[in-house]
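**Q** Given next are the chains, with one letter for each unit.
2 protein chains.
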Amino acid sequence: MKLNALSERWDAEVYIKCEQFQPIGAFKIRGASNFALQLPEGSKALVTHSSGNHAQAVAYMGQRLGIPAHVVMPSNSNKKKIQNAKKWGATVHLCEPTFESRVSAAAALAEEFNAVIIPPFDHEWIVEGQATCAMEILYDLPEVDIIAAPLGGGGLLAGTTLAAHHFSSKAKVIGAEPANAADGYEGLEKGERITSFTPNTVADGLRTTVGEVPFEVLKDHEVEVLLAEEEDILPWMKLIWDYSKTLIEPSCAVPFAAMDRHKERWKGKQIAIIVTGGNVDIDQLF
Amino acid sequence: MKLNALSERWDAEVYIKCEQFQPIGAFKIRGASNFALQLPEGSKALVTHSSGNHAQAVAYMGQRLGIPAHVVMPSNSNKKKIQNAKKWGATVHLCEPTFESRVSAAAALAEEFNAVIIPPFDHEWIVEGQATCAMEILYDLPEVDIIAAPLGGGGLLAGTTLAAHHFSSKAKVIGAEPANAADGYEGLEKGERITSFTPNTVADGLRTTVGEVPFEVLKDHEVEVLLAEEEDILPWMKLIWDYSKTLIEPSCAVPFAAMDRHKERWKGKQIAIIVTGGNVDIDQLF
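Order-wise, the sequence lines are chains A and B. Position 277 of the first sequence, counted from 1, bears residue number 277 in this note's numbering, the numbering being contiguous throughout. Quick note: to get this note's numbering, add 1000 to the position in the second sequence (first position is 1).
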């Protein structure tokens, strides 16, 4: 979808890729479906842990494939995302909101059902699935100059990087992180992945460190990461609501907020920005 | 756009027609452009009065046609709509929030510029323009059983009625009004247009009486009008935000809220509901 108002503001041709219109309201279905479809026949369960959209993606795939889905979610997850995972028929196991308790709860379920855990981002099947998003952008806009996406765990940004590398001779990929969750930016600066940090951002989908598999892709391809100031994120979310008349999550506002601080760089370019999802809990947000 | 969640809820096939994606964020551009294009060559100004989307439509057409637009808006109009009219290059004349002061201010401008006032709904050119919306629905869904739209001034609902009559052998048209602004419903019951009432509804686009031209069309075609309870309107707005991941105005929620109270009637039907606009002032609403 072309955004005329943003195109004027940046003197560029700016499009969004609307992943909020996916059946689960987010891009995560791409990686989760690719992973689930590689599982051996006769798998007894789909198991994962996630604070949000990945849980919904696995729940949805469980329903589509007729395999029971078990998702571990931290008890402080967005209520809408918990409801939705249940709507798609998953059994939701709430746990303490720490990474350790998520991992151990999922491991116990995986053992119980003799299942593998479907990781949210740190696996090549996930990266491959997420790559289909930029592949589709390049079908529609073969001359696109820039493809931008948020950077959380890195599955989407790594997939975007690989798709741009394979299907375009010129598309440059740009990642965007909240300045208050800049582990990817700092890790890429140092050339070494940061594995522990304390994110403090409203962009709930990006409160995670970049995974090993994605990090290597981003490092190899020297992907540039721009930072969004925390105070710009919600105003940009509302601005994109207005510009696009679509709902986007706070995390999706991060590329817009980050890129707007460098708008002189986008002049005359054709730009596609991946809007990763629209699962907003309106009542909680306001 | 098909709404899967609503289709399940009503056991029907429910689509929305997304007028929030029009350049001015609302369907009003259809009637305003049809009217403006009928004006004699050499017209010096486009003049109108409107509390909202029609003002933006006239402003936009002024910019497109290179004719100065003058729009009278009540001082209590939605701020976003005032801003947008200015953005499209119109001169905005704020007036007291009464119908009389709108009319007299617009009449003075029309005299000053020797222009006709472009009415928001009560004119056959406006009705014809709005009719293109249902015509497009019938291109996409030739077998549609029901086309529903909100009823405010009646331009859209009358146009929808004429399009369904001419381009479909079976589509039934349903209008929806807030129970707190039910002049159309009551007028059609009595067979006589109601010209004075005090609306008290959050659906700001529907706080107006049905015009003469639209009323005759609705009466002749025996259009059914359903009522939405006031307390259902904002919850349904948020529900449709969630179901569709698009922004809709409070007025657009009225058909959903009204129809949900009769959901047994929609079972097995193919239904298209016109979402009239998405110009929501987020900060004002919450």
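No lab work stands behind these hints, which were simulated from the structure alone. Because the structure is a prediction, the values reported are computed rather than measured. Hints should not be assumed to be uniformly reliable.
[Said to hold, decoys possible] With a Cα cut of at most 20 Å, we get these calculated EDC-like pairs of lysine to aspartate or glutamate:
{"#": "1", "chain 1": "A", "residue 1": "Lys263", "chain 2": "A", "residue 2": "Glu224"}
{"#": "2", "chain 1": "B", "residue 1": "Lys1238", "chain 2": "A", "residue 2": "Glu224"}
{"#": "3", "chain 1": "B", "residue 1": "Lys1087", "chain 2": "A", "residue 2": "Asp11"}
{"#": "4", "chain 1": "B", "residue 1": "Lys1002", "chain 2": "B", "residue 2": "Asp1260"}
{"#": "5", "chain 1": "A", "residue 1": "Lys79", "chain 2": "B", "residue 2": "Asp1242"}
{"#": "6", "chain 1": "B", "residue 1": "Lys1080", "chain 2": "A", "residue 2": "Asp140"}
{"#": "7", "chain 1": "B", "residue 1": "Lys1086", "chain 2": "B", "residue 2": "Glu1100"}
{"#": "8", "chain 1": "B", "residue 1": "Lys1087", "chain 2": "A", "residue 2": "Asp242"}
{"#": "9", "chain 1": "A", "residue 1": "Lys87", "chain 2": "B", "residue 2": "Asp1011"}
{"#": "10", "chain 1": "A", "residue 1": "Lys87", "chain 2": "B", "residue 2": "Glu1008"}
{"#": "11", "chain 1": "B", "residue 1": "Lys1172", "chain 2": "B", "residue 2": "Glu1216"}
{"#": "12", "chain 1": "A", "residue 1": "Lys238", "chain 2": "B", "residue 2": "Asp1281"}
{"#": "13", "chain 1": "A", "residue 1": "Lys238", "chain 2": "B", "residue 2": "Asp1242"}
{"#": "14", "chain 1": "B", "residue 1": "Lys1086", "chain 2": "A", "residue 2": "Asp242"}
{"#": "15", "chain 1": "A", "residue 1": "Lys2", "chain 2": "A", "residue 2": "Glu186"}
[Stated by the list, open to error] If you anchor each label on the Cβ, the simulated ranges turn out as follows:
{"#": "16", "chain 1": "A", "residue 1": "Gly191", "chain 2": "B", "residue 2": "Glu1136", "range": "36 to 44 Å"}
{"#": "17", "chain 1": "B", "residue 1": "Glu1143", "chain 2": "A", "residue 2": "Glu189", "range": "56 to 64 Å"}
{"#": "18", "chain 1": "B", "residue 1": "Phe1167", "chain 2": "A", "residue 2": "Asp140", "range": "45 to 53 Å"}
A virtual CB, placed ideally from N, CA and C, is assigned to each residue, including glycine.
**Q** All hints, please: hold or fail.
**A** Verification of the hints:
| no. | hint | in the structure |
| --- | --- | --- |
| 1 | A:Lys263 - A:Glu224 | 15 Å, holds |
| 2 | B:Lys1238 - A:Glu224 | 37 Å, violated |
| 3 | B:Lys1087 - A:Asp11 | 17 Å, holds |
| 4 | B:Lys1002 - B:Asp1260 | 17 Å, holds |
| 5 | A:Lys79 - B:Asp1242 | 13 Å, holds |
| 6 | B:Lys1080 - A:Asp140 | 32 Å, violated |
| 7 | B:Lys1086 - B:Glu1100 | 23 Å, violated |
| 8 | B:Lys1087 - A:Asp242 | 14 Å, holds |
| 9 | A:Lys87 - B:Asp1011 | 17 Å, holds |
| 10 | A:Lys87 - B:Glu1008 | 12 Å, holds |
| 11 | B:Lys1172 - B:Glu1216 | 17 Å, holds |
| 12 | A:Lys238 - B:Asp1281 | 10 Å, holds |
| 13 | A:Lys238 - B:Asp1242 | 15 Å, holds |
| 14 | B:Lys1086 - A:Asp242 | 16 Å, holds |
| 15 | A:Lys2 - A:Glu186 | 32 Å, violated |
| 16 | A:Gly191 - B:Glu1136: 36 to 44 Å | 54 Å, violated |
| 17 | B:Glu1143 - A:Glu189: 56 to 64 Å | 59 Å, holds |
| 18 | B:Phe1167 - A:Asp140: 45 to 53 Å | 31 Å, violated |
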